[in-house]
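Chemist: In UniProt numbering, the protein residues as written are 1 to 258.
Keep in mind the hints are simulated off the structure, nothing from the lab.
Do not rely on the hints blindly, as some may be mistaken.
Here are the computed distance ranges between Cβ atoms for each label pair [as the list claims (entries may be wrong)]:
| # | residue 1 | residue 2 | range |
| --- | --- | --- | --- |
| 1 | 49 | 131 | 20 to 30 Å |
| 2 | 255 | 83 | 39 to 49 Å |
| 3 | 83 | 227 | 22 to 32 Å |
| 4 | 50 | 27 | 30 to 40 Å |
| 5 | 50 | 86 | 27 to 37 Å |
| 6 | 83 | 256 | 17 to 27 Å |
| 7 | 137 | 46 | 11 to 21 Å |
| 8 | 134 | 72 | 21 to 31 Å |
| 9 | 98 | 50 | 17 to 27 Å |
| 10 | 153 | 98 | 41 to 51 Å |
| 11 | 72 | 98 | 44 to 54 Å |
| 12 | 41 | 125 | 35 to 45 Å |
Every residue gets a Cβ at the ideal spot worked out from N, C-alpha and C, and that includes glycine.
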Amino acid sequence: MCSPCFAGFTGYGVPVDPLAPLLDLADVAPALAEARERVDAAMRHRALRRHGGQVAAEASLRAAVASAALEGSVHDLDDVRGGTVTDPVVQGALRVAEGVGGLVDLWPRAPRQVLAKLHVLAARGAVPAADLGRLTGAAERVDMLAGLVAGNDKTPPLLLAAVVHAELITLRPFAGPAGVVARAAARLTLISRGFDPRGLVAVEVGHHSREPEYVGSAGAYATGTPDGVRSWLRHYAAAVTAAADEITTIGDNVLATV
Numbered sequence: 001m002c003s004p005c006f007a008g009f010t011g012y013g014v015p016v017d018p019l020a021p022l023l024d025l026a027d028v029a030p031a032l033a034e035a036r037e038r039v040d041a042a043m044r045h046r047a048l049r050r051h052g053g054q055v056a057a058e059a060s061l062r063a064a065v066a067s068a069a070l071e072g073s074v075h076d077l078d079d080v081r082g083g084t085v086t087d088p089v090v091q092g093a094l095r096v097a098e099g100v101g102g103l104v105d106l107w108p109r110a111p112r113q114v115l116a117k118l119h120v121l122a123a124r125g126a127v128p129a130a131d132l133g134r135l136t137g138a139a140e141r142v143d144m145l146a147g148l149v150a151g152n153d154k155t156p157p158l159l160l161a162a163v164v165h166a167e168l169i170t171l172r173p174f175a176g177p178a179g180v181v182a183r184a185a186a187r188l189t190l191i192s193r194g195f196d197p198r199g200l201v202a203v204e205v206g207h208h209s210r211e212p213e214y215v216g217s218a219g220a221y222a223t224g225t226p227d228g229v230r231s232w233l234r235h236y237a238a239a240v241t242a243a244a245d246e247i248t249t250i251g252d253n254v255l256a257t258v
């Protein structure tokens with residue numbers, strides 16, 4: 001877990017950015033800035049002018065399939081699109097993708113509640129009903145993370161989302177597909193903080209396309225060392241950049257079929 005991430009952090013209502021020192025790690029700030037520029041450029045794709053809903057729906061589907069694959073449930077995108085895949089992890093990831101939009105406003109106000117809701121969506125059919133929405137451990141650390149999220153308009157969205165994701169993937173505080181919850185919480189952070197208001201940035205696809213790096217950098221982050229945290233943040237920036245390219249790919253495909 002990332003001890004530097006919470007140095008000096010005291011709880012809800014973040015008066016200053018407690019994660020600001022992470023931007024001083026070598027190459028982190030430029031990598032995050034470049035990722036933001038790539039997303040901004042992708043958001044100007046002409047398919048979004050008239051077909052934004054179609055692009056968003058496809059990005060959401062691809063994000064769900066990639067997130068499930070990162071949990072070990074690998075299925076062909078077209079098979080999932082066709083409705084022939086009944087795998088409970090895939091179905092949970094699809095429910096999460098569909099439910100994210102309704103949780104955007106609640107996330108910065110009641111993050112613990114949202115995490116429980118995400119787990120119910122993700123894990124139904126994959127874990128016993130009694131375990132849905134219930135922490136299996138790390139309650140204090142989850143409370144600290146919730147305090148970092150709630151009312152925090154200081155930390156840059158990409159940095160905050162990266163830390164949210166890494167903390168939850170490290171802690172895995174829920175039974176079953178906890179990684180689906182972690183990735184959805186990071187996505188909610190990007191949407192609620194205005195980085196990705198239309199839900200177009202399927203960062204999960206970027207993680208999946210760089211899966212060995214994703215796994216390795218998450219493990220490095222868990223050491224809590226500056227080098228480990230730096231490794232994760234650079235990976236996260238690369239995954240966001242790949243997600244920006246995915247917007248362009250989807251947009252091009254949409255225009256080719258209309």
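Chemist: Which numbered hints are broken by the structure, listed smallest first?
Modeler: Structure breaks hints 1, 2, 3, 7, 10, 11.
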